[in-house]
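Chemist: One letter stands for each residue in the lines below.
4 protein chains.
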Amino acid sequence: MIIVMEADASEQQIAEICAYVQNLGFEPHRSQGVETTIVGIIGDDRRLDANVFRALEGVGQVIPVLKPYKLASRDFQPQDSLVDIGNGVVLGGPEVAVIAGPCSVEGEQAILEAAQAVKQAGAVALRGGAYKPRTSPYGFRGLGEVGLDYLASARVATGLPVVTEVMSPAQVEYACERADVLQIGARNMQNYDLLLEVGRTRKPVMLKRGLSATMNEFLLAAEYILSQGNWQVILCERGIRTFETHTRNTLDLNTVVALKGLTHLPVVVDPSHGTGRRELVLPMARAAVACGADGIIVEAHPIPDASISDAQQAISPAMLAELVKDVKAISQVVRKMAVVA
Amino acid sequence: MIIVMEADASEQQIAEICAYVQNLGFEPHRSQGVETTIVGIIGDDRRLDANVFRALEGVGQVIPVLKPYKLASRDFQPQDSLVDIGNGVVLGGPEVAVIAGPCSVEGEQAILEAAQAVKQAGAVALRGGAYKPRTSPYGFRGLGEVGLDYLASARVATGLPVVTEVMSPAQVEYACERADVLQIGARNMQNYDLLLEVGRTRKPVMLKRGLSATMNEFLLAAEYILSQGNWQVILCERGIRTFETHTRNTLDLNTVVALKGLTHLPVVVDPSHGTGRRELVLPMARAAVACGADGIIVEAHPIPDASISDAQQAISPAMLAELVKDVKAISQVVRKMAVVA
Amino acid sequence: MIIVMEADASEQQIAEICAYVQNLGFEPHRSQGVETTIVGIIGDDRRLDANVFRALEGVGQVIPVLKPYKLASRDFQPQDSLVDIGNGVVLGGPEVAVIAGPCSVEGEQAILEAAQAVKQAGAVALRGGAYKPRTSPYGFRGLGEVGLDYLASARVATGLPVVTEVMSPAQVEYACERADVLQIGARNMQNYDLLLEVGRTRKPVMLKRGLSATMNEFLLAAEYILSQGNWQVILCERGIRTFETHTRNTLDLNTVVALKGLTHLPVVVDPSHGTGRRELVLPMARAAVACGADGIIVEAHPIPDASISDAQQAISPAMLAELVKDVKAISQVVRKMAVVA
Amino acid sequence: MIIVMEADASEQQIAEICAYVQNLGFEPHRSQGVETTIVGIIGDDRRLDANVFRALEGVGQVIPVLKPYKLASRDFQPQDSLVDIGNGVVLGGPEVAVIAGPCSVEGEQAILEAAQAVKQAGAVALRGGAYKPRTSPYGFRGLGEVGLDYLASARVATGLPVVTEVMSPAQVEYACERADVLQIGARNMQNYDLLLEVGRTRKPVMLKRGLSATMNEFLLAAEYILSQGNWQVILCERGIRTFETHTRNTLDLNTVVALKGLTHLPVVVDPSHGTGRRELVLPMARAAVACGADGIIVEAHPIPDASISDAQQAISPAMLAELVKDVKAISQVVRKMAVVA
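Chains as they are written, first to last, in my numbering: chain C, 3 to 343; chain P, 3 to 343; chain E, 3 to 343; chain L, 3 to 343.
It is worth saying that the hints were derived from the structure and are not from the lab.
Owing to the predicted nature of the structure, the values given are computational and were not obtained by experimental measurement.
Don't take each hint at face value.
Since the list can't tell identical chains apart, any single copy or any two copies may satisfy a pair.
Calculated cross-link-like contacts (lysine-lysine; reagent style DSSO-like; alpha-carbon spacing at most 27 Å) [said to hold, decoys possible]:
| # | residue 1 | residue 2 |
| --- | --- | --- |
| 1 | 330 | 69 |
| 2 | 262 | 327 |
| 3 | 330 | 262 |
| 4 | 338 | 327 |
Given only the sequences and the hints, what does the whole structure look like? Please build it.
Modeler: Given below as structure tokens:
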């Protein structure tokens, strides 16, 4: 961390800052510029809060030099992490994975049919919600544990690994026994007790970006999971909230590219929530793969208009088959392209 | 809910929409405009998801007529809710309450001194975090249950009611025994299991607005708590995330005024998180009271620069005393002003 | 336009609304729902301001049925507009055009060398600013008319059509004589006198989206130009301003796809301003083409680090050559893909 | 400016940076930290673009030390600027000014009646638009020069100074002869030719903040005007664009307080555009004064519902009289309050 003193900071103020740094167990390093004095902090200062210094007298600016996350960074692990979610499906490797399924598990037969449709269309994993976070307490909140049982049956019947959301630490154990990937939804990206709980399991976790989470906050949420020893973390960009309302969210592919540079973790894209509109799903899935996403997770339903929730963004099995085909075609082209930076 | 068909919707599409509405257990009401047909849905359609209709063929727009929340609305309860948090302090009534204290409980002696300073400055309740949500897993996450014990001691010593955050359902019981108001932080505004859990208690709850929560989402989060029978909910505006970064957040006083019109629940304002800068706290507290806030919750510390967390936004006891004085002065003036709309 | 009355609107209020509509020269059409009354307005009500009705007593909601823009919409002209910018380069047709060049014209020799490098790399048109909008009055604001002369020379020497920005109505005439496409920058998207002025020319216009312009506002800005009889309008998505600051802007490809559905005008993407970081330009250009953009406009400089302005987002000729190659490869794959909606 | 090199920057890279700085006519000052090397730039580097350095090899971060604006800053002029707009009305002094009037000049008789109503309600200046920026080309765009003539008549009849918008350099001369304050609208905050043109006059200018302008950009736009020798600049906060849509904009009072600290220019607040809803205007005007605004500019109309534009945010003469009274009452209380920072 570098502390840039104000131009008119007094000698005493500078001395106090240095003493303050020493009290915290770090070594201050003072260097005199022409217009201002700079105090550097020596050591791994990730656990220091830059704001603590900002409040001190005579301090102009405080500039972190180290990235705030460590385990998630490429500096720490240069090579790509591979996350094996079962049945030979690996995220972060050469194949772009398509994960698909209904927004929520609607019944035993329903999820089975959905799984079969998804498999036939070429997707390699099944998504489906047993616990549904709903903005209104009056909405359908999912089938709960029974829904997880149905998902497990669909997994047995089709062989597809299952991705499903957990919303609370108490749900994690049951979900671990029935699913292959625990999903943390956007609303819970900073539900730290939940992050720590899934961090204590050894199940792959798909962490969705919060609606207004910066890239740094997203990586720090992943760091919570990694810090518990669970290295199987998949990041998922699913759109951010902006002033633009003609789409449900603004899919931020810039961040997908930036993430691939900064972290070794696989990054998948959810064009369903990222757009909120069925007709945009296919083009945005193509774009996501073209800029380097490791996978696509998408809402698909045997009869989209009959979906209990999120009907307007669910795609049909026919569209899903197109999506799988397109993703492969673009992925093959992109893989041959040069990395020039 | 009103469904506006597309101008070129076919007779069959209209008939299918009507049948669909009936299948959901509602009565469709068709009316023929000149350019388009309109299908109204009769009944309390709050539990219907407008998006379900948006996906159907021939549908142009879907317009909810009812507000999505019910128990929280002034239509449901026209008179102001009064929330008694103990020791004679009532939110939502004629007195504007000032709640103050350190960001986090730093130790037994520290919180006691802070409580005494806060009381002496004229604040009527104590805030302080035993569980601290931190963006980084490497930050100080609070003292936990011991911190709650210290808070309880400070309460006994000063008589001040205590406001403290819970981050997870498992923490609620212990906190209920030691604190007077359970705070739900901004990051957890849509942590639904937590909302339901505090809804099952009969403790006052202070619900902070999420960083990117719309007013509707904020009221629906309150509705989660109310729906469990806990009517003692206090809303807290604490700044939203926008493109502007020179302040930590953008304090949205527009929404405070709008909330006072739409809901009977008390609304308090947090100018500490809402600005993130000590020198803005006092002026924005004044503004909050001038536009009708029922209370101010503010970070104060005996020695602000020595605060473990959020130092740059904590105010000193002297500033807090000014704040209490100013809030009273403005409140008295505003109370005499006419309501003209 | 549809006016949904409040549930408790009186008969007199409804009658007054109907009278009001008639006074404006339109026919009201009243239809009685169960919970509320609806008043439809018959006729082309685009020139009516929905807000006028929102203020009237008893009005609950006002819902526009017609799109606010007309000439720009696909309803008005279903087939794609082709904009010929000279030398055989057509925007909106089967070929994806790459337009490249330095941020600003730095000198006669400099722009000539840049043009030659750009041409050699495979780009089909030259961009370069003679008038530079700068946030600070102390920044380099471009060479002005001399810069336009240099651009004209580079055009003669290379045959590349020239795209250049105009910032004020007074600059339009001189620019028309020396350039092939008049660019309206993001800051001027709602500079209406400028829009009308370029609308009165018969030069192709590249209209960049404003930093916080909604899709509707963007199309209405295009409508200003079209309304003056100039049909050669190219839309350019160049990133919007959001809370995320690790990239200069957030490139909104969702809107590119949505625009291709709603308007017949060609849509190009600027990944330089859309990301602000050199290493993101190439991947995001790939993504833009994958989701259907008609062209890419990009900042390229013979020696990027020596660029007077926007150095950190300019790419080298070698990267530009890669970009041109990649854009072609992806475009060929995408062109064969099915349109499934 | 301070350049923080990357931890692994080579000696040659550091030397090249130093040489680069010298080439630009500045003196580099190198200081060796423990983890990294820092290169300071000596001299008034406001005209340097930090981004130029960001692109160079080995550079980690570039931190501006000087504020980007100079003439607008309190460092340059510590005491408050007083802007006299005529008839004894001074912005920036002890009196809080209320400026009111219709959105647009609707006719000679109409503006006269409006002016008389505004005066009677206690406002000290008249606002009214002759040139109206409209999102749609099909909206009412104002009466133009005739509207300015009518405003001049209303000024003669009532003695009220007149505030009116100019949208293009060509309109400035005529407006100067008929009005007392030239308003630059939010959409034109970065229309630099217009800023320079009003900067060349010696008329007071009211500069409205752009919809997505940061505080720095706002002050730099003011700097454009000041740099031409026109020191009579009034800043106006009128709401920013955020994700929240239940109000037309989000009034950012945080920035009003921050501006009062950073600049000597007077700051007024527009609660009409800042909220977009009549019932919020009065409470937010109170809040604006409570946090230190120098004036309020508000849309008022003799018969608000009959206003041609912006009807839903216009207030009646009776509400305006309340507003004037409330503003005075709060202003008197706030003036006595201590400045504690």
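Chemist: Each hint needs a verdict: does it hold in this structure or not?
Modeler: Comparing the hints with the structure gives:
1. 330 with 69: The answer is neither: 35 Å in one copy and 37 Å across copies each exceed 27 Å.
2. 262 with 327: both (24 Å within a copy, 22 Å between copies)
3. 330 with 262: both (19 Å within a copy, 24 Å between copies)
4. 338 with 327: both (18 Å within a copy, 11 Å between copies)
Figure legend: structure checked against the earlier numbered hints; the only hint not met is number 1.
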